[in-house]
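Enquirer: What follows is each chain in one-letter form.
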Amino acid sequence: SQTIHQWPATLVQPVGSPLSLECTVEGTSNPNLYWYRQAAGRGLQLLFYSVGIGQISSEVPQNLSASRPQDRQFILSSKKLLLSDSGFYLCAWSLGGSTDTQYFGPGTRLTVL
Amino acid sequence: GENVEQHPSTLSVQEGDSAVIKCTYSDSASNYFPWYKQELGKRPQLIIDIRSNVGEKKDQRIAVTLNKTAKHFSLHITETQPEDSAVYFCAAFLNKLVFGAGTILRVKS
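Heads up: the sequence lines are chains G and L, in that order. All letters in the first sequence, in the order written, are residues 1 to 113 by our numbering. All letters in the second sequence, in the order written, are residues 114 to 222 by our numbering.
Hints are supplied without guarantee of correctness; some may be wrong.
Said to hold, decoys possible - Straight-line alpha carbon distances no greater than 16 Å define the calculated EDC-like cross-link-like pairs of lysine to aspartate or glutamate that follow:
hint	chain 1	residue 1	chain 2	residue 2
1	L	Lys209	L	Glu115
2	L	Lys209	G	Asp85
3	L	Lys184	L	Glu169
4	L	Lys221	L	Glu192
5	L	Lys209	G	Glu26
6	L	Lys181	L	Asp197
Simulated from the structure, these hints should not be mistaken for laboratory data.
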């Protein structure tokens, strides 16, 4: 069966510091991968998605970037964090196709101070 | 692109009562409609989904109905229990999954 991991689980970072969040999927090949952000009490904002290695689509222009160095690894990065980057970051995977059931990872709670 | 509206934003029900959450979508070509439940501090989890060739689907106390003509779909929870308290998200898929803003469901015991 498929499993999705995210780390770290929680992170507290100062404004202006860099960021690297990692997501890995087990038990499937060539998944679609997604990064979402959820501000406190808010909905799911799609940040990036990837349909394959090195293929990244950005949904929201901002100071974040994403990379997919391996088939089942998805990384979210920032060179300089802003206060507004605080939130709950969720990675998700899907098999794609005509329907797109997405399964979410456990999330990383980021607080920027 | 697709747009999904979800109502109500908050819903309080007495334990044992039914709860209904409604979503509308804009693009008639959307063909897949999942519902997710997110408990406080946890990940959204798929609870039920429906495809555009089906009008209704049930799984124990939860059901989803789809009206393609009106472009809306609804989540029905019967005999609500305190553990049903959570945020519920609907979504519609065309070329990508578009989520509604969420409904906070509170079940009062």
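Enquirer: Hints first: check each against the structure and report whether it holds.
Expert: Okay, the hints, checked on the actual structure:
| no. | hint | verdict |
| --- | --- | --- |
| 1 | L/Lys209 - L/Glu115 | holds (9 Å) |
| 2 | L/Lys209 - G/Asp85 | violated (24 Å) |
| 3 | L/Lys184 - L/Glu169 | holds (14 Å) |
| 4 | L/Lys221 - L/Glu192 | holds (12 Å) |
| 5 | L/Lys209 - G/Glu26 | violated (22 Å) |
| 6 | L/Lys181 - L/Asp197 | violated (27 Å) |
When held up to the earlier numbered hints, the structure conflicts with 2, 5 and 6 and fits the remainder.
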